[in-house]
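K.L.:
From these two lone chains plus the hints, build me the complex, please.
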Amino acid sequence: EDQVTQSPEALRLQEGESSSLNCSYTVSGLRGLFWYRQDPGKGPEFLFTLYSAGEEKEKERLKATLTKKESFLHITAPKPEDSATYLCAVQAINSGGSNYKLTFGKGTLLTVNP
Amino acid sequence: NAGVTQTPKFRVLKTGQSMTLLCAQDMNHEYMYWYRQDPGMGLRLIHYSVGEGTTAKGEVPDGYNVSRLKKQNFLLGLESAAPSQTSVYFCASSYSMGTGIAEAFFGQGTRLTVV
Chain C
1 EDQVTQSPEA LRLQEGESSS LNCSYTVSGL RGLFWYRQDP GKGPEFLFTL
51 YSAGEEKEKE RLKATLTKKE SFLHITAPKP EDSATYLCAV QAINSGGSNY
101 KLTFGKGTLL TVNP
Chain G
1 NAGVTQTPKF RVLKTGQSMT LLCAQDMNHE YMYWYRQDPG MGLRLIHYSV
51 GEGTTAKGEV PDGYNVSRLK KQNFLLGLES AAPSQTSVYF CASSYSMGTG
101 IAEAFFGQGT RLTVV
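Quick mapping for you: the protein sequence lines, in order, are chains C and G.
Following my numbering, the numbering of the first sequence begins with 1 at its first residue and continues without gaps.
Following my numbering, the numbering of the second sequence begins with 1 at its first residue and continues without gaps.
Next comes chain G alone, as it looks inside the complex (with noise of 0.2 Å):
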């Protein structure tokens, strides 16, 4: 089993250019999320979906959009790079349960470089 699968895993950009990060799940869950984790920030929330043709803002959303045209499929996108936005990216997936989610699966991460 894949389980999230992130594309690119390494990638630098200059300021002010543009990217997409795709994440892709084969587990059919309902909810996916972005995060990007800095050193001595922990794990920040940068968007979620709670199903397809959802998206909501997390903790950290400025300079970030996402879209999620297919269940599993969640793409994090950047307009216009700022190294302020060098971190590693994770996304990760989860199903509901009752009124909650499941634990989360996580991809292994997009180091993203912005020089």
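So here's chain C without its partners, still in its complex pose (with noise of 0.2 Å):
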């Protein structure tokens, strides 16, 4: 059964105070690792896909870094606007059709003061 946990639960920041959250997983083959950012009362909104170990992507103040078994969200200099949730998902390479689901952590729930 494929598995993601995310750490810490909650974390809080002070502005510009740098830090990285953690997506480990376990699934027979990963297809591809998907972060998202939810704002309180909305749906996730997509941020990142990861599809192999030593891959980067950056999105203004985040950096998403993937291994063969974790995944990190590096935030760099965080304002209070990046105060969310942070969800990790994985698509696993399964048989029986279940190419196309996402398994979703509990997510990470950032919170930025000024």
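Derived by calculation from the structure, the hints in this document are not laboratory data.
Take these hints with a grain of salt, some might be off.
[Unchecked claim] Derived SDA-like pairs (lysine to any residue); straight-line CA-CA distance at most 25 Å:
1. C/K42 - G/M41
2. C/K42 - G/G53
3. G/K14 - G/N28
4. G/K14 - G/P61
5. C/K59 - G/P61
6. C/K106 - C/Y51
[As the list claims (entries may be wrong)] One-sided excerpt, in silico: chain C residues whose CB lies under 8 Å from chain G:
7. K42
8. G43
9. K106
Backbone N, C-alpha and C fix where the C-beta goes; we use that ideal spot for every residue, glycine too.
P.N.:
Written out as structure tokens, the structure reads:
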């Protein structure tokens, strides 16, 4: 069974204090790892997709990296508007037609104080 | 672009009542999904569809039924609502990329309370 574990559950930072969120996964074979941002009362919003170990993607103050067992979302010099829940999801290479599903972690609630 | 639209946004049901949640997408995506999100549990897949006329069970399908009569619509039904179905429901859609899927696009959610 595919498993995704995110840590920490919650993280509080001061504005400008860089940090990283972790997403560790267990799948039979990884087709893709996705990062989403979710604001209160809204649906998840897509950030990045990573497909292979060593891959990195950046968007403004966010950088996502991938290894064979985990992914990190690095946040550089965060601002209060970066406060949100960050979700990680994996798409596994499975038989039986399940290549079309995403398995989500429980998320990390990030709060950035001014 | 509307993207993924869910109707209604809020609903309160009494135990035993039935209702249907509607999801519509205007991106011509093949794949559509229904998730529920509960505190401390994350997003859990209820049912999904890989094309018009097809449906499949996800992680937590009991108590729910779905239909995909048109490519753009995916309906989630609760035949006899129970308090355990109090949750926020999200619909999502995606498209194929190789032998997998690209990123999923989510609706704004439906907050359902069963009393």
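K.L.:
Could you run down the list of hints and mark each one as holding or not?
P.N.:
Against the structure, the hints:
Between the alpha carbons of C/K42 and G/M41 the distance comes to roughly 17 Å, so the proposed pair stays at or under 25 Å and holds. For a cut-off of 25 Å, the pair hint linking C/K42 to G/G53 is broken: about 29 Å separates their Cα positions. For the suggested pair G/K14 and G/N28, the alpha carbons sit about 35 Å apart, so the restraint of at most 25 Å is broken. Note on G/K14 and G/P61: the hinted pairing holds, with a Cα-Cα distance of about 20 Å set against a maximum of 25 Å.
At roughly 36 Å between alpha-carbon atoms, C/K59 and G/P61 are farther apart than 25 Å, so this suggested pair is violated. Pair hint C/K106 plus C/Y51 holds up; C-alpha atoms about 21 Å apart against a cutoff of 25 Å. Annotation: interface hint on C/K42 holds; nearest CB of chain G at approximately 6 Å, less than 8 Å. Residue-level restraint check for C/G43 holds (minimum Cβ-Cβ distance to chain G is 3 Å; threshold 8 Å).
A distance limit of 8 Å between C-beta atoms decides the matter here; for C/K106 the minimum to chain G is near 4 Å, and the interface restraint holds.
In summary, the structure is inconsistent with hints 2, 3, 5 from the numbered list given earlier, while agreeing with the others.
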